[in-house]
Amino acid sequence: MGLRSYIATRVLLTIPMVMLLLTFVFLIVRVLPGDPVLLHFEKAASPETIELMRQRLGLDKPLLNQYFEYLAGLMHGDLGKSMQDFSPVGQQIFSAFPATLELAIYSMIIAVGLGIFLGVRSSQSYNSLQDHSIRIFGIVMYAIPIFFLGMIFQMIFGVFLHWLPTGGRIYPGMAPQGLNIGDLHISTGLYTIDSLLEGNVFKFVQALRYLFLPSLTLGLVLCGVFIRLTRSNMLETLRLDFVTAARARGLKEKTVLYGYAFRNAFLPVLTMMGLQFAVLLGGAILTESTFSWPGLGRYLVDRINFRDYTAIQGDVVFFGILIALVSLVVDVLYAYLDPRIRL
Amino acid sequence: MTLSRKVKGISTTAIVAIIAVLVVVAGLYWYFTLPPAGPEYKDTLIWGTTDSVENTIDPSQAYDFFGWCIIQQTGLTLVEIQPGSEAGPEDFIPALATDWTVSTDMKTWTFNLRQGVKFEDETEVTADDVKYSFDRANVIQNEDSFQVNMGTFDILIDSVEVTDTYQVVFHLKVPASYFLQYVACQAFAIVNPNYAAYDAITEYAEGDARASNPNDLGRYVLTKWERVAGKDVEMWLEANPNYWDAASGWPKTNKIIIKMYTDATALRLALEAGDVDVAFRHLTSTDIEDLQDNPAVEVWEGKGAAIQYLIFQEHMSPFDDARARRALAAALDRSAVCTTVFLGQAKPLYSMIPEGMMGHTEAFKALGDANTDLTKSLLAELGYDEDNKLAVDLWYESSGHYPSSADQALFYKDAFEASGVVEVTLHSADWPSYRQNRNAEVMQVYIYGWYPDYIDPDNYAFLYFATWLHHNYIETANGQAMEALWTQAGGAPDADRPGLYAQIDDMAVQDCPVIPIFSITPYAVTNLNVEGVVMDITQSWRLWLLYATVE
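In order, the protein sequences belong to chains A and B.
Following our numbering, the numbering of the first sequence begins with 1 at its first residue and continues without gaps.
Following our numbering, the numbering of the second sequence begins with 1 at its first residue and continues without gaps.
Okay, chain A solo, but in the shape it has when bound:
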């Protein structure tokens, strides 16, 4: 199978996966106890008024009609309107997404960077004190609850040392505007990028200060997996003949480790990066709550409390598509790097 056919097959497989996901979410939110209609009326409301609200929310129609109307909207890129404040769900998701994406990117950089570095070091010093220490560190990080680690960091760096802010995305009033030249306006919603586009180094530093603790927390928790995976793959690879041959040729140990062994041990790590991206988005819910980070995770929790069916569906479907896309990219990369996958 050629690379193109492989990509086409993977894209086609993504469609039923997303369909299954959205059908499941559509049904499960409606099975949950609690009526979004009643949340609009604290006190007395006549049955007619309640029925009017039910009609307004589209909940008076048979379930199948609701489902197909939702699907039809989705085909046109319409995620519907919030059942709580009636604003477009798509707009709400896209306003929160940049914050989650920025947190995810920096967390992933920390997780992968630290995980690979420590994994290689660990394999290099197999069965030594350093190896054991790194392994224990990885296990502890993986096991520690995100909110607990986050609070520890908040206490140390925020309350005791006053070095870093304990929550929020940037200092009040400092949200970068991006690039503005005449009518041209470029803004990514990622504060670190936008501050650079604006050419404002001070805002860039502020954005990093606010980003540091949440991304470190999430990155550390995730790096445990990368440490273990890198270590075990490296240990296997380091035993192979080509590594011995490379060493025999007198190459520097660093070149042998990173240039030869790690390149071969990287494929499973790449797969794990794709899988962990999903975990990272899930983990972001807790991190965002701990650090008052205004992203999609907080949005989802908030909407569940309101039984906002359309918003919950929209959020989960958006996450689903995002994860499917990341998996697709990883699979394609994998197929590109290892032609055996396409066979």
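Please keep in mind that the hints were generated in silico from the structure rather than gathered at the bench.
Just so you know, these numbers come straight off a predicted model, no measurement behind them.
Cβ coordinates follow ideal geometry from the N, Cα and C atoms, glycine included.
Check each hint, because a few of them may be wrong.
What the hints assert, rightly or not - Cβ-to-Cβ under 7 angstroms is the rule here; a few derived chain A residues that face chain B: (1) S95; (2) V159; (3) L161; (4) T188.
Based on these hints, arrange chain B on the given structure of chain A.
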């Protein structure tokens, strides 16, 4: 000649010396007699909160604490309540209205308006704008609004008439002695017609705080409102140069930045880290207790108007019998809950009307606290004893809508079971399910809370027979008699209001449709340099009074 030179020589030196001494003395005198330099005040304060505007800050829709709070800073009502007062009849102060009169039947209220009050665009506020604001809410009829929930136009206000450029008359359908309380609440702030369409709510407009806010007559104007996915992130309030009383120095702080935090823990950490100057709503009881011992911050205690109570479903046996309800009321131990669950930050309540408000009584003390003897004897009359215990399903809300609900429920279970004749099974549901269960009348005994719409006993006493609570007491003769007393207390011009509310409480003790348990004391925590925190019975958070000296 010699003498003259000498004198002249001496005099030259002396003159210089005298001048030098005089300069030094004058300098010292000036330095030491100067009035001490006044403290320097901060231009900006940062307020941290876990609140967020629920929908909009349009008075025709907003019906949540924080939405009303923002309206209170940026809007203006006809009358206001004197900060720090008990919110009694004599505590109303002029705002947009300079004075007012009421007819003897209490159905016609006339307000004379202040002249020269201007909207942002410098147009003057007239009686037409007042009528526009009230009529608009009636046209919009938003289902989330105070007006619809309270039946403002169905039950109370018949029409609003403009009798002069600066005079407006309200014609009521029924007499209402509490009408000033009513128009003082933020649902009746006067809107700027340029930013408030007659037939549509002013929605949040991303990146445009001005277009999102129909209010611009208050001490502050909203200059920034950042929301992400329907949840507030940051707001800015800046002094309104057009405020009618700006010359008197209001607001005291030019700019207030409001930062939103996810939960109490995040808010507390932000305060301790110095990220915010003020933390208000919501810190937990444990946080407050800890912070009271922290010398770096100041904890401010307010007066409690939010209450919690127990409701019995009278369509479920045996709670269709008042003796069963009284039996459980007697078993409660309010002090223990207040001390243990709320660490002393709540006060036992023996009437639905909170302490410090007209009509408050201690009526429920007649049943005692932890009075298990009475519980046993009443339940014995119904055939329950140690061998045949009364099985009670007690429900509590589990998603944080009410404070420490699970802990409360455990205490009530213990208190009921201490009688030896009651066996309690606890159930919980999150807020959406809890509300659904309430309406479906499937909860036998449940914990509920009340936060007032306006500060008047009228807004508390009705909970005994409110239909929307679904306890169904209104179906009984006593329930209807109680409602009649309540109507009389709220309407008749010559009514003995305290006496009537006391009568209602006495009836409630006999029938126990609901049992008042405690009122919650509100707390704010600030840095030591912050002053001007006033937390009175109105529960209003008046930002224009806050100020802080530069540290």
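A:V159 as chain B interface residue, shortest Cβ-Cβ below 7 angstroms: Cβ of A:V159 sits 5 angstroms from chain B, so the hint holds.
Status of the A:L161 interface restraint (C-beta, 7 angstroms, chain B): Hint violated; A:L161 Cβ to chain B Cβ min 9 angstroms, cut 7 angstroms.
Hint status (Cβ of A:S95 to nearest Cβ of chain B, threshold 7 angstroms): 5 angstroms, holds
Status of the hint placing A:T188 at chain B (closest C-beta pair under 7 angstroms): Hint violated; A:T188 Cβ to chain B Cβ min 15 angstroms, cut 7 angstroms.
Comparing the model with each earlier hint shows violations of hints 3 and 4; every other hint is respected.
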